[in-house]
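Enquirer: Going line by line, the protein sequences match chains C and S.
In terms of the numbering used here, the first sequence is residues 1 to 345.
In terms of the numbering used here, the second sequence is residues 1 to 345.
Possibly wrong hints are sitting among the right ones.
Note that the list lumps identical chains together, so a pair holds whenever it fits in one copy or between two copies.
Pairs of lysine-lysine, DSS-like flavour, derived with a Cα cap of 30 Å [claimed, not checked]:
(1) K301 <-> K280
(2) K265 <-> K17
(3) K109 <-> K226
(4) K153 <-> K301
(5) K226 <-> K20
(6) K17 <-> K301
(7) K17 <-> K260
(8) K301 <-> K265
(9) K226 <-> K280
(10) K129 <-> K20
(11) K226 <-> K301
(12) K17 <-> K153
(13) K140 <-> K280
(14) K153 <-> K143
(15) K210 <-> K301
(16) K143 <-> K17
(17) K260 <-> K153
Keep in mind that the hints were calculated from the coordinates and are not lab data.
Number of protein chains: 2
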Amino acid sequence: MTSHKPSGVQALQWTGKTLKVLDQRQLPDTFIYDEYDTAAGVAEAIATMRVRGAPAIGIAAAYGVVLSVIHHYETGSEHWQQQVLADIEMLANSRPTAVNLFWALDRMKPVLAEAHENPSVAALSYAEKIHADDIAANHKMGKFGADILANAKGILTHCNTGALATGGYGTALGVIRSVYARNPVLIYAGETRPWLQGQRLTVWELAQDKIPVTLIADSAAAWLMKSGAIDWVVVGADRIALNGDVANKIGTYSLAVLAKQHGVKMMVVAPTSTIDANMKSGDEIEIEQRQQSELLPACYKDNAYVSAWNPVFDVTPAELISAIVTERGVALNLAETGIGELFTL
Amino acid sequence: MTSHKPSGVQALQWTGKTLKVLDQRQLPDTFIYDEYDTAAGVAEAIATMRVRGAPAIGIAAAYGVVLSVIHHYETGSEHWQQQVLADIEMLANSRPTAVNLFWALDRMKPVLAEAHENPSVAALSYAEKIHADDIAANHKMGKFGADILANAKGILTHCNTGALATGGYGTALGVIRSVYARNPVLIYAGETRPWLQGQRLTVWELAQDKIPVTLIADSAAAWLMKSGAIDWVVVGADRIALNGDVANKIGTYSLAVLAKQHGVKMMVVAPTSTIDANMKSGDEIEIEQRQQSELLPACYKDNAYVSAWNPVFDVTPAELISAIVTERGVALNLAETGIGELFTL
């Protein structure tokens, strides 16, 4: 793969001894990094959604393992491997849906088994490779996706899949950047309730790059499709099953059903690290339910009659997806072949 | 019609000389009435959405005409009829989509043409009849709708169509109250971006009546339908065309398309005053676009790259609607017959 330096905003910065994490909960009003020097801190940053987006979660967790190795190996602990394994377990429990988290942690484990002169240095080189590979994969996907979208007039995206959600550049938003560089397509972003990743992050990121974007309420997507303004929905993924079913931000399934009914095509953009070789279909994917308080204002607290249902992901069946774009190539006709046969995982 | 006293919360209260308007923008945190003694004040209350909901807008406008008559007739103006007509014109321009507004203003106009000993008293009796008829109609619709929904297990509603949106009781929410009184059906409310009528008003109103309700993000409706939890979507309407097309809160069209794909039925509940005899189909209905600032945080102000598309209504074609419930009866098979033939308008 060719090498790409991270460009624009960076969700994660390795300082040499600590991981700086951009607190995305405070965007777009406040731009501030929190700094972590322990795996527990990184796990907390993931669980509290300071960092979010499947690829970025994986990269952050990898750096969390580096911090664990530094802490346990360099303090001379005899059982440092077991202690790092415990930290890996803790990091794995920070959020349930994005498979990139578990994938990245698995890629860090050889550090414990192999003999290294300095395991800290080895761990860092593993993590940095995960990070660099992700950026390179994004640029590859950007090109593959843009080739398909060459004649698109309008694109709707959902959630945030940009530099903030990845090592840099972005998955679905990387494709959109690449398309826009070739052709000034109209770009629409859904707000993405309840966390407003679209309103707070996607709109902000595109505006930083001077790319025009129009925000819509999630519930206006069908009406936008009916108006004829868009011909593609382009989204990321948190987990892809072997049959091509895709878990992604809540609302993606809704967009896929609506797209089908309006003759709009649906593209999913994700690195192959998002494919879960253990999942035959999307039915097996665990869907994270987050706190009711993300939806309910404080005044309803302790009100016995009020509750909220807050699944933050849903699963889109393969037959509603026109194309899955990965860094290794594009999968089409998913309903017939799934995605598993296209890749040696 | 039998007489019903308004029960529970009241969006509008006539004090004898002024109209008190519950400021719904501040619910559920703050419960406060603003008091108006001029038609201009009432027009402002409608335009700023202190009062919203098609039937409530119509009733408020009717009381606005009463205030106009009091002001211009009782101060002895020679041209009081022309001055009231100008106020009616101003009230008609306060919001464009809800036809009940124009219907109510038309019902007030005879006050100007007929000879009355005291036009103020006559105007008030007209307005109070509009208000009382609306409440009675809501109770009738509640019964008709509940008969159809007798075996429902789960109902999703959108926006707020309750006592806050009407003279009292509610249209779609009146049906839901009536269903719940017979059978403890599960009730789900969509947040209803951008104004959060579902989260702020519907959930609040139902909880006041000790009716359990579960809030969802609008974009989670498709996933909820897929789970099998609901068998009906029940909504109100801002305008109904003669072919049965329905203009309602943005997101209604989305729910209708999704419902059809999931075998969920769609009910629209609205008084016949919502039917626009001048509209053959929904294509002719003007859709209000509200300010971009309802969607965009202040930090994007003056950002040349950021805009928002904020239509606050959409049109659902008749073929996606299973039943339209009015106070005069229920219209089924809309795609074949429309709604116009069922009523003498």
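Enquirer: Now tell me if each hint is right for this structure.
Expert: Hint-by-hint comparison with the structure:
Within a single copy, K301 and K280 get their C-alpha atoms no closer than 40 Å, and across copies no closer than 47 Å, so neither meets the 30 Å cut-off. For a Cα distance limit of 30 Å, the shortest separation of K265 from K17 qualifies neither inside one copy, at 45 Å, nor across copies, at 58 Å. In this homomeric assembly, K109 and K226 never come within 30 Å of each other (Cα to Cα): the closest approach is 49 Å inside a single copy and 38 Å across copies. In the homo-oligomer, the alpha carbons of K153 and K301 lie at most 30 Å apart only across protomers (26 Å), although the nearest pairing inside one protomer, at 45 Å, exceeds that limit.
Proximity of K226 and K20 under a CA criterion of 30 Å is satisfied in neither setting, with 43 Å inside one chain copy and 40 Å between copies. With identical chains, the CA atoms of K17 and K301 are never at most 30 Å apart, being 41 Å at best within one copy and 39 Å at best between copies. In this assembly of identical chains, K17 and K260 lie within 30 Å of each other by CA distance neither inside one copy nor across copies; the values are 49 Å within and 55 Å between. Taking the shortest Cα distances, K301 and K265 never come within 30 Å of each other, neither inside one copy (41 Å) nor across copies (32 Å).
Taking identical chains as interchangeable, the C-alpha atoms of K226 and K280 lie at most 30 Å apart only when they sit on different chains, with a minimum of 20 Å there against 34 Å within one chain. In this homomeric assembly, K129 and K20 come within 30 Å of each other (Cα to Cα) only inside a single copy, at 18 Å, whereas the closest approach across copies is 66 Å. Proximity of K226 to K301 under the C-alpha cut-off of 30 Å is restricted to the inter-copy arrangement: shortest distance 28 Å between copies versus 39 Å within a copy. Taking the shortest alpha-carbon separations for K17 and K153, neither the intra-copy value of 46 Å nor the inter-copy value of 57 Å comes in at or below 30 Å.
For the homomeric pair K140 and K280, the shortest alpha-carbon distance inside one copy (26 Å) is at most 30 Å, but the shortest distance between copies (52 Å) is not. For the homomeric pair K153 and K143, the shortest alpha-carbon distance inside one copy (17 Å) is at most 30 Å, but the shortest distance between copies (48 Å) is not. In this homomeric assembly, K210 and K301 come within 30 Å of each other (Cα to Cα) only across copies, at 15 Å, whereas the closest approach inside a single copy is 41 Å. Taking identical chains as interchangeable, the C-alpha atoms of K143 and K17 are never at most 30 Å apart, the minima being 34 Å within one chain and 69 Å between chains.
Taking identical chains as interchangeable, the C-alpha atoms of K260 and K153 lie at most 30 Å apart whether they share a chain (17 Å) or sit on different chains (28 Å).
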